[in-house]
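Given chain A's structure and the hints, the job is docking chains U, D and Z onto it.
Protein chains in written order, with the working numbering: chain A, 4 to 512; chain U, 4 to 512; chain D, 134 to 302; chain Z, 134 to 302.
Everything labelled a hint here was simulated from the structure, so no lab data went into it.
Every residue gets a Cβ at the ideal spot worked out from N, C-alpha and C, and that includes glycine.
Be careful, since some hints might not be right.
Mimicking EDC-like on lysine to aspartate or glutamate, the simulated pairs with C-alpha atoms at most 20 Å apart in a straight line are [what the hints assert, rightly or not]:
hint, chain 1, residue 1, chain 2, residue 2
1, A, Lys171, A, Asp436
2, A, Lys410, A, Asp436
3, Z, Lys241, U, Asp60
4, A, Lys171, D, Glu263
5, A, Lys171, A, Glu280
6, A, Lys171, D, Asp153
7, U, Lys171, Z, Glu270
8, U, Lys410, A, Asp48
9, U, Lys6, U, Asp70
Which chain A residues face chain D? A few, computed with CB under 10 Å, are given here [unchecked claim]:
hint, residue
10, Gln237
11, Arg239
12, Ala429
13, Val466
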Amino acid sequence: MKKVLIANRGEIAVRVIRACRELGLSTVAVYSEADRTALHVRDADDACAIGPSPPRDSYLRIDAILDAARRSGADAVHPGYGFLAENEDFAAAVRDAGLTFIGPSAEAVALMGSKTAARAAALGAGVAVVPGTDTPLSAEVSDADMARLAETIGYPLLVKAVAGGGGKGMRTVTEPSDLSGAVRGARSEAGASFGNAAVYLERRLTRPRHVEVQLLADHHGTVLPFVERECSIQRRHQKVVEETPSLAVTPAIREAMTAAAAAVARSVGYTNAGTIEFLLDEDGRFYFLEMNTRLQVEHPITEMVTGVDLVRWQIRIARGERLDLDRARLLAPTGHAIECRIYAEDPDNGFLPSPGRILHLRVPSGPGIRDDSAATAGLEVPIFYDPLISKLIAWAEDRPSAIRRMKRALGEYVVTGIKTTVPFFAWLLDEPDFLAGRFHTTYLDDVLQGRNGRAFGEPSAEVAEVAAMAAALQAVLSPSSAASPADPALAADAVSRRWKARARVEGLR
Amino acid sequence: MKKVLIANRGEIAVRVIRACRELGLSTVAVYSEADRTALHVRDADDACAIGPSPPRDSYLRIDAILDAARRSGADAVHPGYGFLAENEDFAAAVRDAGLTFIGPSAEAVALMGSKTAARAAALGAGVAVVPGTDTPLSAEVSDADMARLAETIGYPLLVKAVAGGGGKGMRTVTEPSDLSGAVRGARSEAGASFGNAAVYLERRLTRPRHVEVQLLADHHGTVLPFVERECSIQRRHQKVVEETPSLAVTPAIREAMTAAAAAVARSVGYTNAGTIEFLLDEDGRFYFLEMNTRLQVEHPITEMVTGVDLVRWQIRIARGERLDLDRARLLAPTGHAIECRIYAEDPDNGFLPSPGRILHLRVPSGPGIRDDSAATAGLEVPIFYDPLISKLIAWAEDRPSAIRRMKRALGEYVVTGIKTTVPFFAWLLDEPDFLAGRFHTTYLDDVLQGRNGRAFGEPSAEVAEVAAMAAALQAVLSPSSAASPADPALAADAVSRRWKARARVEGLR
Amino acid sequence: MQYEVEVNHRIRQVSVRRADGRFVVGVDGRECTIDVARIDAHTLSLLVGTSSYDVSVVADPASGQLALSVGAVVLGVSLNGRRRWGRREDGGHDADGPHQLKAPMPGKIVRVLVKAGEAVRQRQPLVVIEAMKMENELRAARDGVVAELHVAEGQSVDAGALVAVVVPA
Amino acid sequence: MQYEVEVNHRIRQVSVRRADGRFVVGVDGRECTIDVARIDAHTLSLLVGTSSYDVSVVADPASGQLALSVGAVVLGVSLNGRRRWGRREDGGHDADGPHQLKAPMPGKIVRVLVKAGEAVRQRQPLVVIEAMKMENELRAARDGVVAELHVAEGQSVDAGALVAVVVPA
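This is chain A alone, in the form it adopts within the complex:
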């Protein structure tokens, strides 16, 4: 392996480039039209255009990506997460093109990509799953049969898409009378989102936590589980804060859960990095939820407490190397790590996306802080992709110190030009329930609903007064920019526009 094409963009593309560089491997970026000036393009050794901005025209085009690999002479492909990372056709196409796929086999991706097949695999490995139907509901199932099935599972229950993820094609049903409508709704949403309308039923646990186990598995039969990640802080089924270890996981649970995760992976001959997600109920019982057959967004927190570079190991495993890590160390975390996913969203406006140009950027640093990002000052955050602009990670010797450090770092994070979720995190990290570790997968949605859109980071009287004075001072010092905010006024912005215009005239894009 000499040259790795990264079939992705944003922070994860930069993360993989870093890992390759530290191993002495060349890197190839691919980019859509919107990403010509993106950091992963500038950082890679080579870069290939793969099409227009919408993902289906570029980052989801297997043919264009394989063509880029050919043009650039890449001999391996890292899929990152999202886009084609869990697409078995892509994994197979990469292999068929004679390239190394830095990830699991196409067969493992396909198997675990079906929620019902994955549940069957878990059961086969002796791991409990959330009670539910073992196979997808037949398309012709009668309402009466469906009702009988549901009774055996119990209410409340979830209708879930077999090919699902991210809450799409999912419905909660609390009463038998809502069942058939929910199944119809979920089927149509699943069909539209995944091209696969199949759904199944699953019991909805009360106040469960989402706890997951990272795995590395080599091609020589070694499967190593890592200390768990606590991912219960979710907004609309999307993780926003992750931490490790979990306050809810005792040594006994950890031992059982990591053993269960390794057993599932072993039973399907899994290789490379993967993650098994569990639901953990209030009584300490855990249930297999699904397997992610790729690197997770939140992998850095595991790296911080174990000292293992997961991306480096993905590459080494793909090269056929043997895992030679100390198994015990992976389950005995050093300190505590937290990640906040900083999004280009306006938390004070219903978390609406906030695309636009980043005018200034100050990134936190110093002891225990890691910022995995592809954002730079001047970057236009495009409208076509996931609005994640940075993963801010804090490590400290214990959870309270890690939270204090994260708050310190959030205070250093200055992004002007777009809105970000930084103020939301500053608020969350002061919430008594968060500080006490009292939360579950719908905790955040419940709290947010209770706030009913109230602004985060409500300024103190002192700060409001300083803001009033600063606005007036800015008006005195540069009347054009402050007094008529709608004007194209601020100097650096105007300069950038001038450059852009000139670049356009001169045939640059």
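Relative to chain A, chains U, D and Z alone:
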């Protein structure tokens, strides 16, 4: 303790602010005229002007700093390193003003500040010192007496200032005939630099390493040594790269050296953070060199391999708390850490200082990287102070990986507008002797002399060609900036100048 | 100079005058002396007494306000009555007039939750738009009736496209 | 357009023409097609074939050259014969003329190592100047004789102050 004044500037002031914030303490910055827009001023809760830009008019003025403490209501003072950090009068004045000095007692600072008194203390604690005179040379010593003294020590020897540091007031003597001239020169330099002309003689070891031991000591009798730092990579007696652990230190040496360090500290009733520097000879014998009674520049590498926040502990010790760290863990480093001191110097021009405005700044990040810095885009690097703009720290599971990671990070470090030592480090980290750990305190000066000013980072033919093409393209795209480089042309720069001019007109500084 | 500054729905009278290289700033009559340093085009460093504040000021065309951040705290500020009240989607109209709901970003309408003529309450979701991989609800800024509905499910819209108009009942 | 570009003492003939939204750039006759994107006022992203280069270009008034960085590699580049050869302290004079040694930064002269009239060799230190807490040697850019010496020990100098003149022997 509620509010801490930081009697310093630059990256260390920012570092201390971070530690205070994570402990919930308010912070007070002090600043000279040159530093009004510096990051430590912007980051602190309060900031007080203490005088004109030259250090003697601001950062060295005890009265102005104590006045700032009064004005801002600070109840504690952190001295950082440099400036007044090892000035016993300052430590005493802070105490006499009823404030907490976050550092050792004035008495300990005074005692260890005298090289000859410190040597006596080490001997008293049973620790070997480099053979030399036990007391300063008498001002009236005859040439003949001096020659006899020198004979007992042996040539080559060093004439060193009693109050010295950083190579000032120091002379190497290889022949008896040079002795009296060297003593005269050293005396005059020491008098000019430290206000104290006293000098003493010390044997010059052949190819020694500089290895040092970090200590924490509380007010309850606990003294804890940490795994050693290897600081032999020096340019003109200034450390430029540090790492931990040292390749030259065996477990047996580590045990003996850390015990020796703790014994010296204990024998003088030392408290807070301090560092004992040793010379380690080629046979594994080590000799007490001096004690630094303050936080060291290179403290982060120790933090990276032990997980201990040294600045936080400085504050906790000053509050009277007990050290409750696991002694064994401090001596058993996790992985390997390296620091490169990035200076605003032109390595291709004899390391001349390169003050000026930072136009753009991209700071490395990602796994295992920490950047302790006070640099920001737009910052004017002042001419009055130490040109350190950043400490780049890389951690990895072993030394080769840490070096590769550091090289990756150096490749991400982009500073435009001023010259930095980044290209020098990129070169050094490829040197076979460095990679093999074959070096000693004059290794770097020897190698640099051998290079005779040859440029670092000599571009490949490919890079030179790209540079030629880029220069022409820049000329096409913005003729004014590229074709007449002396013009005040580049757009953003011109904007900034316009702002500056406007700010001047409007009475801003 | 005299300004009317609205921060978080409260209007303050702010006066600014120069004195001795600094600024004397009055807020609702109380004055203090401020040392001001410009960091860059968008950022000021203020020392009010000894208190240090880093303030960035950026025009927010979407809201017609200034987006200010004081440290990590973000605020919307309007100057001299040029305020554009309400949330981003209200398109710049007063709370008691008709409310034009505009698309805050380009995207695809994935669900329309109301019909023309339907009565709606403040903050009730009207349509769901997908952008940046996320589904986002666009909500009514006021109680009223949906007078116009300009989008259908599956339709792509540009930023600023008129989605619906809500009038008082 | 045609340029003469000097990189590391070697002059290259560089031609640039636009073609189809890209640039065709020739170096000493060999041509390639480059996709150019401007990142900011000082930075270009070049794709030469598939090879990606991040290049920043900043005028360096001290040397009269352009300071280019290609990734982390820093180079001095001169365009169209507007070169200012030699090191920073040579004040812009040709290597075969008299050499004016100027202070590269403000500082204090802590040692004068030569006398007027003394013969010196290239790279021989002439004076030591202290700035930014460091002592720095200013060296002769050529062999010759110290014709003029304008500083004394202890004296403070401004940036650009004439320190000495070295003429050919």
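Quick rundown of the hints versus the structure:
Straight-line distance between C-alpha atoms of lysine 171 (chain A) and aspartate 436 (chain A) comes to about 28 Å, which puts the hinted pair past the 20 Å bound. Only pairs whose Cα atoms come within 20 Å are accepted, and lysine 410 (chain A) paired with aspartate 436 (chain A) is accepted, the gap being roughly 16 Å. Annotation: proposed proximity of lysine 241 (chain Z) to aspartate 60 (chain U) holds, straight-line Cα distance about 16 Å (limit 20 Å). In summary, the hint linking lysine 171 (chain A) to glutamate 263 (chain D) is supported, as the alpha carbons are separated by about 13 Å, within the 20 Å threshold.
Between the alpha carbons of lysine 171 (chain A) and glutamate 280 (chain A) the distance comes to roughly 17 Å, so the proposed pair stays at or under 20 Å and holds. For a cut-off of 20 Å, the pair hint linking lysine 171 (chain A) to aspartate 153 (chain D) is broken: about 62 Å separates their Cα positions. About 15 Å separates the Cα atoms of lysine 171 (chain U) and glutamate 270 (chain Z), which keeps this hinted pair within 20 Å; it holds. Restraint check: the Cα-Cα separation between lysine 410 (chain U) and aspartate 48 (chain A) comes to about 15 Å, which is no more than 20 Å; the hinted pair holds.
Of the pairs offered as hints, the one joining lysine 6 (chain U) and aspartate 70 (chain U) holds, with about 15 Å between alpha carbons and a cut-off of 20 Å not exceeded. The beta carbon of glutamine 237 (chain A) comes no nearer than 13 Å to any beta carbon in chain D, farther than 10 Å, and the hint placing it at the interface is violated. A distance limit of 10 Å between C-beta atoms decides the matter here; for arginine 239 (chain A) the minimum to chain D is near 8 Å, and the interface restraint holds. Nearest Cβ of chain D to the Cβ of alanine 429 (chain A): about 6 Å, under the 10 Å cut. The hint holds.
Taking 10 Å as the C-beta contact cut-off toward chain D, the hint placing valine 466 (chain A) at the interface holds, the least distance being around 5 Å.
Comparing the model with each numbered hint stated earlier shows that hints 1, 6, 10 do not hold.
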